[in-house]
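Student: Here are the chains, one letter per residue:
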Amino acid sequence: MSRGFILVEMSVTYLVLSIAVVALVPAFIITIRGSKATEQIAEAGRLSAQLLEEIRLRKWDQATPGPSAYITAASALGVDAGESAADKRTFNDIDDFNGWKETGVLDPVMRPVAGFSAYTRSVTVSYTYSNFNVNTSTSDFKLVTVCTRVQKLKPSCLQLILANR
Amino acid sequence: MTLVELVIGISLAASAAAVCASMMKAGFQTYLYALRQNSILAEGKSALFGSGSLLGIEAGARQSAYFVALSSGDLNLQFAAKPSVDYSVASQTLIQTASGLSTRQAQAVTALRLNYYNMDDNGLIMESTSAARASYMTVMVVFGKLNTGDRSYMMYSGAQSRNHP
Chain H
1 MSRGFILVEM SVTYLVLSIA VVALVPAFII TIRGSKATEQ IAEAGRLSAQ
51 LLEEIRLRKW DQATPGPSAY ITAASALGVD AGESAADKRT FNDIDDFNGW
101 KETGVLDPVM RPVAGFSAYT RSVTVSYTYS NFNVNTSTSD FKLVTVCTRV
151 QKLKPSCLQL ILANR
Chain R
1 MTLVELVIGI SLAASAAAVC ASMMKAGFQT YLYALRQNSI LAEGKSALFG
51 SGSLLGIEAG ARQSAYFVAL SSGDLNLQFA AKPSVDYSVA SQTLIQTASG
101 LSTRQAQAVT ALRLNYYNMD DNGLIMESTS AARASYMTVM VVFGKLNTGD
151 RSYMMYSGAQ SRNHP
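Residue numbers (this note's numbering), protein chains in the order written: chain H, 1 to 165; chain R, 1 to 165.
In isolation and in its complexed conformation, chain H is listed as follows (with noise of 0.2 Å):
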């Protein structure tokens, strides 16, 4: 046997090893990210579904009537004489959302809502035919489109149609 055989065998050995180990350890730190990304993405839709509750308690249009009731003639879309685009506090009707957006969430009564700044949620609201697509004139429908993103991943969308009642 020739002198330093082992010695070779093993500093290969250890120096492949040590190559693979430093491959291997970022695995762990993408597991870790990939987990709160899940959790971020899951905690999106729950904050589009909130605001579609918010957006819900609201009449179908500033035309509707109190108690509500059906009506013939419906409004433009967004906001309206008198209410403030940047003040979710002034609309009174659906279709006033449309065209909102909030970086940080924001409460019903538009005070942030602490842990959430990362989040914006955006809405969009149109007329549309029973089967989610848009029309164009005015309908019985609207469509409500809300969707929340944080940082750089996908935002979570729902969307809904209401009717004119």
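Quick caveat, the hints were computed from the structure, so don't treat them as lab data.
If you're wondering where the values come from, they're calculated on a predicted model, not measured in any experiment.
Be aware that one or more of the hints could be misleading.
Each computed DSS-like pair below joins lysine-lysine, with the alpha-carbon atoms no more than 30 Å apart [to be verified]:
no., chain 1, residue 1, chain 2, residue 2
1, H, LYS101, H, LYS152
2, H, LYS101, H, LYS36
3, R, LYS82, H, LYS36
4, H, LYS59, H, LYS101
5, H, LYS101, R, LYS45
6, R, LYS45, R, LYS82
7, H, LYS36, R, LYS45
8, H, LYS154, R, LYS45
9, H, LYS152, H, LYS36
10, R, LYS45, H, LYS152
11, H, LYS154, H, LYS101
12, H, LYS152, H, LYS59
Starting from the known structure of chain H, fit chain R onto it as the hints suggest.
Tutor: The following block gives chain R in isolation, referenced to the frame of chain H:
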């Protein structure tokens, strides 16, 4: 094989074993951490949305007719056709009480914060001053740490009392 070569070979093998051991430890810790976090999150979701026969906070609020009081840390729901249900936090445990029976809903709950709202006579949202008028609530549940090094989570949701007169 000389003694020096043997000693060097054993030292290299010990170094490789130490590196492998640290990698395995990191793998075990990652797995256990993910297990604990998933457990906490599962309990949190059960608390908010219910599980099996347990009525969650959000689902309960949706089915209720009234919020009995405007308590920020305790939710008491009154229903039209069944006994009232109460949610409270004691010793970091979310407890549901119905018909005198208390059921543990979730562990590691450090805070339960509730806000109540209703629509005023002009159809605008306001924070409720009277429990009888409140028809919408938001809930923030904070889940604390079961072990050192765990994260805390917050879940924010809202529900409208569908059976509110």
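Student: Look at each hint and say if it fits the structure.
Tutor: Here is what the structure says about each hint:
1. Taking the CA atoms of LYS101 (chain H) and LYS152 (chain H), the gap is about 17 Å. The hint holds against a cut of 30 Å.
2. In summary, the hint linking LYS101 (chain H) to LYS36 (chain H) is supported, as the alpha carbons are separated by about 25 Å, within the 30 Å threshold.
3. A distance of roughly 39 Å separates the Cα atoms of LYS82 (chain R) and LYS36 (chain H); the hinted pair therefore is violated under the 30 Å criterion.
4. A hinted pair counts as satisfied when its Cα atoms are at most 30 Å apart, and LYS59 (chain H) with LYS101 (chain H) qualifies at roughly 20 Å.
5. Taking the CA atoms of LYS101 (chain H) and LYS45 (chain R), the gap is about 27 Å. The hint holds against a cut of 30 Å.
6. This hinted pair checks out: LYS45 (chain R) and LYS82 (chain R) have alpha carbons roughly 24 Å apart, not beyond 30 Å.
7. Our distance criterion of 30 Å between C-alpha atoms is met by LYS36 (chain H) and LYS45 (chain R), whose separation comes to about 16 Å.
8. Simply put, LYS154 (chain H) and LYS45 (chain R) have alpha-carbon atoms about 21 Å apart, close enough for the 30 Å limit, and the pair holds.
9. The straight-line distance between the Cα atoms of LYS152 (chain H) and LYS36 (chain H) is roughly 13 Å, inside the 30 Å bound, and the hint therefore holds.
10. Distance restraint check for LYS45 (chain R) and LYS152 (chain H): the Cα-Cα separation of roughly 24 Å lies within the 30 Å cut-off, and the hinted pair is therefore satisfied.
11. At roughly 17 Å between alpha-carbon atoms, LYS154 (chain H) and LYS101 (chain H) fall within 30 Å of each other, so this suggested pair holds.
12. Distance check on the hinted pair: LYS152 (chain H) and LYS59 (chain H) sit about 34 Å apart at the alpha-carbon level, beyond 30 Å; violated.
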